[in-house]
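Peer 1: Those protein sequences? They're chains H and D, same order as listed. Each residue of the first sequence is one higher than the one before, starting from 1 at the first, in our numbering. Each residue of the second sequence is one higher than the one before, starting from 1 at the first, in our numbering.
Simulated from the structure, these hints should not be mistaken for lab results. Please note: incorrect hints may appear among the correct ones.
Computed list of lysine-lysine pairs in DSSO-like fashion (alpha-carbon distance at most 30 Å, straight line) [to be verified]:
1. H:K75 with D:K175
2. D:K91 with D:K175
3. D:K409 with D:K327
4. D:K261 with D:K4
5. D:K521 with D:K268
6. D:K261 with D:K327
7. D:K268 with D:K175
8. H:K75 with D:K91
9. D:K4 with H:K75
Here is how the chains run, residue by residue.
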Amino acid sequence: MAHDAHHHDSHAHAHAHWDTSIWPFVISFGILFMAVAFSFKFVYHNSFASILSLGLAIPMILAGVAGWTSEAMGKGDGFSYSAMGWFILAEAMIFVSFFVGYWYTRLHADVWPPAGTITLPKMMPLVMTFILVSSSLTIHYAEHLLHLGDKTGFRLWYLLTIVLGAIFLGMSAYEWSHLIHEGFTISTNAFSTVFFSVTGLHGSHVVVGLTIFLAGLPSVFRGDIDEGFMRTAGLYWHFVDIIWFFVVSQIYFW
Amino acid sequence: MNLKEWIFTTDHKRVGVLYLIGSIAAFVIAGIMALLMRAELSTIGPTITSNPTQYNVWLYTHGAVMILGFQIPALTGFFANYCIPLMIGAKDVAFPRVNALSVWLFYVGVILACLTFFIPDPPDVMWTGYPPYSTITTGNTAMYSFTVLILGFASIIGGVNFLTTVAYMRAPGLKLSKLNIFVWCTLGAFILQLIFVPVLGTAVTLISMDKYLGTNFFDPTKGGDVLTYQNLFWFYSHPAVYVIFLPFIGVVFEIIAAHAKNMVFNYKMVVYGGIGGIVVMSGEVWIHHLYVSGMADWLRIGQMVTTLLISIPVGLMMIGLIGTLYKSSIAFTTPMMYALGVVFLFLIGGLTGIPLALPSLTIAVSDTYYVVGHFHYVMAVAGTFAIFGGVYHWFPKVTGRMYNEFWGKVGFWITFVGVNIVFWIMMDVGVQGMPRRYYDYAHFPQFEGAHQWMTLGAGILAVGFTIAILNWILGAMKGAPAGDNPWGSPSLEWSTVSPPPHGNWPTPPSVSEDWHPYGFKKA
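Throw the hints in and build the complete structure from the sequences for me.
Peer 2: Written out as structure tokens, the structure is:
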């Protein structure tokens, strides 16, 4: 009530207050330093300047995401769920480009797989699939408990989802290091390029999903998390899960 | 004026003005690049530089910044931001912070593009970045990739924002059948952005991965395929011309309806047939950019058919424009002059595009000045005229003041003469065989006179654009007060005060049953 009255007053005032937020600005320039860091490292081979830029970029982006989340939590108008749907359309198109590029190259090739390809493990991706699907179920159950008002249960299943996502990433990293150790690297041939870039792209989406969950963690423990945030974050996580089926079927089992 | 409330603003109008300032700055920078190229080409042999790579850097900056830094941000950044919430009677966009993020990402992208002038080994890969050149050049391809990625991400989150805004935040009583044509056009453009920008982002990421991280997407010796890039790139970059075309033709619809005081002719046909047709068909024509890269004959014929078919929705929109003018009371204001200029220039551009759709003819003129001239008529100049006309049209709303009508028209006519000198001659020498992208044309001495005319024309149009930009700056500072609705338009953005306050209306508007954005009272 007090807030509303204040809002009303400021409108009547000649020099009305205009809404501001510092975080979009901070994140944008963090991304600028990220791009500069890449150029320093890979184009100009200046590791020191690169690390310096990253040292600016990463704190700026993390502070931006954290600040934004706590500023916006609980103030949503309920549009974020459908907006996430549009965003997922754009995200899906990134994967479509990678897969179509892969199919185009593979179906045009005289010999496939190209020389240097090794047999990929089959058991590992199946276990990873199981873990990722489980995490989709746990986040769904967490949402359900939040809706019922069971805050303790909600926290438990929310944390479990983060743990499962982290295990998935850990297994992915283990598999990468194992394959690189065997001599199958991103530069080996066209298939290794596709393998590492598509699994890497998917992994980066797992990282983004986990970042969203971690950004919401303070609100989870404060107890002011809103259902709109949970539904939106959950939708993104389900999308990451569904994409994994395409990765497994096209990369590991074809 | 509170600078902090501008830089950290989340208000859609201020975000829009930030977009306008940034994109006009980008336009000036990229325009200077064009003038440098024209100066270089004014004589055979080295004229102002003896370094061909320097010429390539100008070419890269001109194309990349004009398209990604000027036209797309001016149309889907400034016009969409400023006008859409006002036109639908909303207090702001659905996600004001996301809006602020997209404008600052746009600035970051332009800053990266402008670093080209300061870094060693600047990118020299045109705006297309074709491998294998882009993966073996000593130029900094990473800068190109990141510029495209960041500007692309900015437009994706902008698209998400505006689709949500129009879906949920329309004023009570504002049905979809009463949206301004500009709103429909921009929605179409944003849907295209969401579907196609990620593909461009992927394409440019892959060239940097090939160059710097040792991947083999485009290296045939390791099983890669170089044509994958051209397909991915044009799968976005053809629809990109509709991302520019749709909002600019929407701006022209708004100008013509308001300054001819007439209902838009064939509203439903324009929305369903024109905008809907383009959104549906735009993804099926990109292969015509690869006519000379090699493909099966049946694919060439198929692409010819789809390319010609897409002129039907475009034609429906042109009929809508001409029909709106029919039996109306046309006021020849500066915005109207620019809008009519767009109709003329776009017609020439469209008609000269038909030969390029036909594989038998396009193979002869491919990679000549003909293509460059056609492209500049249909998109570069037509789009820029629409942007300039649109800025004049909404100038009284944005600043609350009036521009100078006399100098507005002077600027228009000088620019109009200039562009026709440059680009008409360009198509002519193209048909005669002048290849594009050449730094020197010692093998074609017969074209030196034509090149000098083109350089002269470029100078003339630069004068015209300069007059327009100065007119805005002076008008914003000391123009006469314009009143809230100088054009007498019933469209919602004119129903609030000029310039609108934070929140747009003191009380949110609602619209009645008999209201229509083009329901002009007959005199």
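Peer 1: Each hint: holds or not?
Peer 2: Status of each hint after checking the structure:
no. : hint               : result
1   : H:K75 with D:K175  : holds (27 Å)
2   : D:K91 with D:K175  : holds (17 Å)
3   : D:K409 with D:K327 : holds (24 Å)
4   : D:K261 with D:K4   : violated (40 Å)
5   : D:K521 with D:K268 : holds (21 Å)
6   : D:K261 with D:K327 : holds (10 Å)
7   : D:K268 with D:K175 : holds (13 Å)
8   : H:K75 with D:K91   : holds (16 Å)
9   : D:K4 with H:K75    : holds (23 Å)
Checked against the numbered hints given earlier, this structure breaks only hint 4.
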